[in-house]
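A.B. asks: Please model the entire structure based on the sequences and the hints provided.
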Amino acid sequence: MSYLNQPDYVCYVCNCGSLKPISKIYFCRHCSKIRCGYCVCQEVDSHYCPNCMENLPSSEVRLKKNKCSNCFKCPCCFQTLSTRAGHVPLRVVPADGEDSKDVKTTPKKVYYLSCSLCRWTSRDAGIPDQSMATGGWPEQENPHTSRINTLIDYHKILASIEKQQSERKKFRPKHPYMQIAMFRITSAMVRKHIGHPAKPTNESTDQPSPAVASTEVEELPTDIFTKPVEITKITTLEQRLQQPDVQTENVNELRPQHRQLLVRRSQRCRVCEHNLCKPDFCSQSAKFKIQLAAFYHVPEVRIVTCEPLRPGKSSELLLKFCNPTQHQTQVVLLPLDTPMTPILTLVDEKEEVKQDNAQQGSESPNLLPSIVRQVPVVEETKPIKITANADVVLPQNCLILPRRDDAAEYDDTGDTHNFQDDPKFVIWRKGNKAVIKLHVTPHENIEENNNQPVVIGFVMQYRYVNTITTLEHKAPQKLDLKVKLYLTIGNIVGSA
Amino acid sequence: MLRTYEGIRFFSDKQMVILDIGSAYTKFGYAGEPTPRGIIRTEIKCPDTKKLRRIYDYKDTEDLYQLLVEFLHALFFKHVVISPKDARIVILESLLVPTQFRDTLAKVLFRHFEIGSLMLLSTHLATISTLGVNSALVLDIGYKEATLIPIYEGEPILKAWQALPLGGQVVHELVKCFIFNWCFINSYFFNRYLMKSLREIYPNVDITEKLVEDIKVRTCFVTTLERSAKLGTADAPKPPPAIKYPGVKSINIPGEIREEAFEVLWERDNDNLSIPTMILNAIIQCPIDTRRTLAENILLIGGTAMAKGFASRLKSELLTLVKSSHYSEKLKIQTFMFHTAPSKPNYTAWLGGAIFGSVDLPLRCLTKENYLKSDRVPDWVSLIDNQRDESTVCET
Numbered sequence: 001m002s003y004l005n006q007p008d009y010v011c012y013v014c015n016c017g018s019l020k021p022i023s024k025i026y027f028c029r030h031c032s033k034i035r036c037g038y039c040v041c042q043e044v045d046s047h048y049c050p051n052c053m054e055n056l057p058s059s060e061v062r063l064k065k066n067k068c069s070n071c072f073k074c075p076c077c078f079q080t081l082s083t084r085a086g087h088v089p090l091r092v093v094p095a096d097g098e099d100s101k102d103v104k105t106t107p108k109k110v111y112y113l114s115c116s117l118c119r120w121t122s123r124d125a126g127i128p129d130q131s132m133a134t135g136g137w138p139e140q141e142n143p144h145t146s147r148i149n150t151l152i153d154y155h156k157i158l159a160s161i162e163k164q165q166s167e168r169k170k171f172r173p174k175h176p177y178m179q180i181a182m183f184r185i186t187s188a189m190v191r192k193h194i195g196h197p198a199k200p201t202n203e204s205t206d207q208p209s210p211a212v213a214s215t216e217v218e219e220l221p222t223d224i225f226t227k228p229v230e231i232t233k234i235t236t237l238e239q240r241l242q243q244p245d246v247q248t249e250n251v252n253e254l255r256p257q258h259r260q261l262l263v264r265r266s267q268r269c270r271v272c273e274h275n276l277c278k279p280d281f282c283s284q285s286a287k288f289k290i291q292l293a294a295f296y297h298v299p300e301v302r303i304v305t306c307e308p309l310r311p312g313k314s315s316e317l318l319l320k321f322c323n324p325t326q327h328q329t330q331v332v333l334l335p336l337d338t339p340m341t342p343i344l345t346l347v348d349e350k351e352e353v354k355q356d357n358a359q360q361g362s363e364s365p366n367l368l369p370s371i372v373r374q375v376p377v378v379e380e381t382k383p384i385k386i387t388a389n390a391d392v393v394l395p396q397n398c399l400i401l402p403r404r405d406d407a408a409e410y411d412d413t414g415d416t417h418n419f420q421d422d423p424k425f426v427i428w429r430k431g432n433k434a435v436i437k438l439h440v441t442p443h444e445n446i447e448e449n450n451n452q453p454v455v456i457g458f459v460m461q462y463r464y465v466n467t468i469t470t471l472e473h474k475a476p477q478k479l480d481l482k483v484k485l486y487l488t489i490g491n492i493v494g495s496a
Numbered sequence: 001m002l003r004t005y006e007g008i009r010f011f012s013d014k015q016m017v018i019l020d021i022g023s024a025y026t027k028f029g030y031a032g033e034p035t036p037r038g039i040i041r042t043e044i045k046c047p048d049t050k051k052l053r054r055i056y057d058y059k060d061t062e063d064l065y066q067l068l069v070e071f072l073h074a075l076f077f078k079h080v081v082i083s084p085k086d087a088r089i090v091i092l093e094s095l096l097v098p099t100q101f102r103d104t105l106a107k108v109l110f111r112h113f114e115i116g117s118l119m120l121l122s123t124h125l126a127t128i129s130t131l132g133v134n135s136a137l138v139l140d141i142g143y144k145e146a147t148l149i150p151i152y153e154g155e156p157i158l159k160a161w162q163a164l165p166l167g168g169q170v171v172h173e174l175v176k177c178f179i180f181n182w183c184f185i186n187s188y189f190f191n192r193y194l195m196k197s198l199r200e201i202y203p204n205v206d207i208t209e210k211l212v213e214d215i216k217v218r219t220c221f222v223t224t225l226e227r228s229a230k231l232g233t234a235d236a237p238k239p240p241p242a243i244k245y246p247g248v249k250s251i252n253i254p255g256e257i258r259e260e261a262f263e264v265l266w267e268r269d270n271d272n273l274s275i276p277t278m279i280l281n282a283i284i285q286c287p288i289d290t291r292r293t294l295a296e297n298i299l300l301i302g303g304t305a306m307a308k309g310f311a312s313r314l315k316s317e318l319l320t321l322v323k324s325s326h327y328s329e330k331l332k333i334q335t336f337m338f339h340t341a342p343s344k345p346n347y348t349a350w351l352g353g354a355i356f357g358s359v360d361l362p363l364r365c366l367t368k369e370n371y372l373k374s375d376r377v378p379d380w381v382s383l384i385d386n387q388r389d390e391s392t393v394c395e396t
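From first to last, the protein sequence lines stand for chains A and B.
First residue of the first sequence? That's 1 in the numbering used here, and the numbers climb one at a time after it.
First residue of the second sequence? That's 1 in the numbering used here, and the numbers climb one at a time after it.
Listed below are the simulated DSS-like cross-link pairs for lysine-lysine, each with C-alpha atoms no more than 30 Å apart in a straight line:
no.: 1; chain 1: A; residue 1: K163; chain 2: B; residue 2: K85
no.: 2; chain 1: B; residue 1: K249; chain 2: B; residue 2: K238
no.: 3; chain 1: A; residue 1: K289; chain 2: A; residue 2: K64
no.: 4; chain 1: B; residue 1: K59; chain 2: A; residue 2: K385
no.: 5; chain 1: A; residue 1: K278; chain 2: B; residue 2: K107
no.: 6; chain 1: A; residue 1: K227; chain 2: B; residue 2: K210
no.: 7; chain 1: B; residue 1: K344; chain 2: B; residue 2: K78
no.: 8; chain 1: A; residue 1: K24; chain 2: A; residue 2: K437
no.: 9; chain 1: B; residue 1: K78; chain 2: A; residue 2: K382
no.: 10; chain 1: A; residue 1: K233; chain 2: B; residue 2: K308
no.: 11; chain 1: B; residue 1: K85; chain 2: B; residue 2: K59
no.: 12; chain 1: B; residue 1: K59; chain 2: A; residue 2: K24
I should point out that these hints are in silico values taken from the structure, not numbers from a laboratory.
Just so it is clear, the structure is predicted and the values come from calculations on it, not from any experiment.
C.D. replies: Okay, structure coming up:
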C-alpha cells in the first residue's frame with residue numbers, strides 16, 4: 001500500500017528513461033529488461049460493464065456501440081440508475097374512467113428508472129413505465145440519421161470515382177487498350193474512354209439533394225428580456241454533452257443514457273512482442289494470466305532510515321534489499337556512470353556466448369526470430385530529469401541475498417545461512433532481506449531554504465536466473481543485470 | 001450487390017476513429033456514425049504535478065509530447081476504447097494549426113501509439129461534406145479563436161482566410177471580470193443585496209473556469225443589435241431578470257452580465273475587426289464571381305456559435321455593416337443565407353470527418369510505413385508536398 005499512497009522515494013530508471021517506483025514497472029523475461037507503462041504496447045483485452053460486470057465479446061461491443069444494454073446512467077448526475085418496481089400510478093386511473101375498478105383488482109406491476117443519488121426518475125422525464133423489468137426503454141435516435149447516411153453513400157461514390165481516376169492515371173501511359181480487359185472497367189469509364197459522354201442520369205440519382213441555405217435564422221426569443229429564469233431547470237454543459245445529438249436546454253428533456261463499457265488492458269513488450277501482463281478474462285476476477293511485474297523479479301530497495309543531512313557532511317543511510325526470486329542473487333552497487341549493458345555470465349557453453357554477442361550485441365537471445373516479429377517502432381528515450389546532488393560511498397564487496405522462502409518468514413529460530421558479511425556493511429539480515437549501511441554526503445551548494453530534496457543515485461547490478469527455456473538454451477541462464485536507481489532520501493537539515 | 005459487399009468489409013475491417021481535438025473540447029467517435037461517441041474536455045492530469053492541464057497550454061515541444069501521450073492514452077482506453085496499435089485514425093485540424101502541434105501529434109500517434117494510418121483533414125473543408133454542397137463560407141468560432149476559410153467548388157480559397165482571437169475564452173474572461181468586480185452576493189446578515197466585489201465579501205469563493213463556463217452556458221445570451229446599441233447609454237433598456245445561481249454561496253448574476261457577456265465578440269478591435277467583418281473581408285478578398293455564392297452559403301460551426309441568439313445577431317450585424325460606407329462601395333451583396341448542418345454546431349466538424357472517413361481513401365492516408373520512412377507529415381505549406389505532380393497528387 002505504501003507504494004500507492006506515498007510519494008515515489010525510490011525510483012528505478014526504465015529503459016525508456018522514465019522514473020518509476022518498483023510497483024509500476026514490468027520485467028520482460030524474454031528480453032531481460034525493465035519495461036514500464038510508457039514503453040510497452042497497451043492493448044484492449046476485454047470489455048465489461050462496470051455496473052453489471054458482464055463480459056462482452058468485441059464484435060458485440062461494436063454492435064452495441066460500446067454501451068451496456070441493461071445498465072443506464074442518470075442524465076443529471078451520471079450515477080447508475082436502478083430499476084424500481086411500482087404499481088400503476090394513480091394518475092392513470094381517472095383517464096380510463098370505468099376501467100379504474102379493473103386496475104385496482106388486478107394491480108399490474110410496472111417498472112421505472114430511478115437515481116438513488118439525485119432522485120431523478122424516468123417518471124419525471126415523462127418516460128412511460130415499462131411492464132418488464134429488463135427494459136424496452138425507448139431509445140434516442142438522432143433525427144438526422146437518414147440524411148447523414150445519404151451523404152455517406154454519396155461520398156462513397158465520389159471515393160470510388162477518385163479511385164478509378166487514379167488507377168487510370170497510373171496505367172494510361174503503358175497500354176491504353178489493355179487496361180479495359182485487365183482491370184474490368186465499368187461501362188461508364190469505357191464510354192468516357194471512347195469519347196461518349198457519361199450518362200447524366202446516373203449522377204443525378206446518386207447526388208443527394210444539397211442542403212438549402214436560408215435567410216431565416218433562429219431568432220432570440222423575445223421573452224428572454226422579461227421572463228424570470230429558474231436556473232435549476234436549465235441543463236449544465238456536462239449534462240448536454242452526455243447527449244451530443246440533442247444537447248437539450250430543458251432538464252425535463254434529458255433521457256437516461258446507456259452505461260459505457262470499460263476495458264481491461266493487456267501489456268505487451270514492444271521489442272519481443274511477448275505479453276507482460278494479461279488479465280483474467282472473467283471480469284469479476286482480479287487475477288492475472290500473465291503478470292511479469294518487476295516486483296517479482298528485481299530486488300526491491302527500501303529506505304530504512306537516514307541520519308539528518310547536512311551539506312558537505314557525511315550521514316549514514318540504511319537501505320533494505322529484498323530478493324523476490326526463487327534463486328539466490330548477489331547485488332553489487334556501482335556508480336552512476338557505469339555502462340548499462342548486461343553481462344552474460346556462467347552460461348555453460350562458452351562458445352554460445354561469443355556467438356550471441358557477435359550476432360545480437362546486447363539483445364537477449366530469447367527473442368522470437370526476426371521474421372515473425374514486426375520491426376519495432378523506436379520511440380526516443382526520455383531524458384532523465386532528475387540529478388543526483390549527493391555523493392555516496394559505495395561498498396566494494398557484493399551482497400548475497402538468499403532465495404525467497406515463504407516458510408522462513410514464520411521461522412523465528414534465527415538465520416540458518418552463514419554468510420561472511422562485513423559487519424560494517426551489512427547490519428541486519430533475515431531470510432531474503434538484508435539491511436546495508438551507506439555513507440551519503442550532500443553537495444555543499446544545497447541550501448536548507450530552497451526545499452530541494454537530496455537525491456542519490458547508483459547502479460544496482462543483480463544476478464538474475466532466467467528460467468525460460470528456449471530452443472537454444474535448455475539450461476537456465478544466469479545474467480548480471482543492471483538497473484539505475486534514484487533515491488530521494490530527505491531534505492537538508494541545518495547548514496554546514 | 002456492391003453495397004452489401006462493402007458493408008461486410010466495413011464491418012470486418014478495423015473501424016476508423018475520428019478525433020477532433022479542439023482547444024476546449026475533444027470530439028471523438030467512429031466513422032460512419034451520425035453522432036460522436038462523446039465530447040470531453042481537452043485536458044489531462046499532468047503526471048508530474050498532478051494538476052489538470054489543458055493540452056493547448058503547452059510550454060514546449062517536449063511538454064506537448066508528454067501531455068499528448070497522457071491525453072491520448074486516456075482517450076483511447078477510457079473513451080474510444082480501441083487498441084491504438086495499427087488503428088486507422090482521422091484527425092480534424094485547422095489549416096492554420098501550428099506546425100509544432102501537428103508534427104508532435106503525428107509523432108505521438110506513430111511513434112508512441114504505433115497507429116496504422118493517419119488522415120489529417122482540414123476542419124473547414126471536411127465540414128462542407130455535411131451539407132452536400134461544394135461551396136460554403138465556413139466560420140468556426142471555437143474556444144480560443146474564430147477562423148474562417150471560404151470553400152468554393154471544393155477548393156479552399158486560402159488567400160481569403162480570416163482569424164481573430166475571439167471565442168469562448170474572451171467571453172469567459174469578461175464574465176470572470178464582471179463577477180469579480182461587481183457581483184451581487186446574497187448576504188444572510190443584512191438580508192438584502194450588497195453591491196460589493198465578490199473578492200471583498202468572500203475571498204475564499206473560487207471562481208473557477210468551470211464555474212464561469214457554466215454561468216455562460218446556462219444564463220448568458222447574445223442580445224439583439226438594437227438593444228446592444230443602447231447599452232451603456234442613458235436610455236439603456238431594462239436589463240433581463242437576474243438569476244440566483246446556486247452553489248456553496250449562492251451568487252446573484254445580474255441581468256447586465258447575462259446580456260453583455262457576448263458583446264465582446266461584436267466590438268471592433270483596434271484594426272476595426274470583429275466577427276461580422278471577418279465574413280465581409282473574406283468575401284471581398286474572394287474572386288468576384290464567387291462572392292454571391294459564398295454569401296448565400298454561410299455555415300457557422302464551433303461551440304461558441306451555439307450561444308442563444310448568435311446567428312440572428314450575426315445576420316443583423318452583417319446587414320447593417322454592408323450598408324455602411326466602408327463596405328457599400330466594395331460589396332454589392334444584399335442577402336446573406338445560413339446553412340443548418342444535420343448536427344449541432346459544436347460537433348459539425350467532427351461529423352464532416354465522420355462522413356469523409358467512412359469512405360475508403362487509402363491515397364489520402366499517411367501510413368505508418370511512409371511516416372517511418374520519411375519521418376515527416378506532408379503539409380500544404382511545404383513545397384515538397386505542395387507541387388503539381390500528376391502522378392502523386394490526386395485531385396478531385
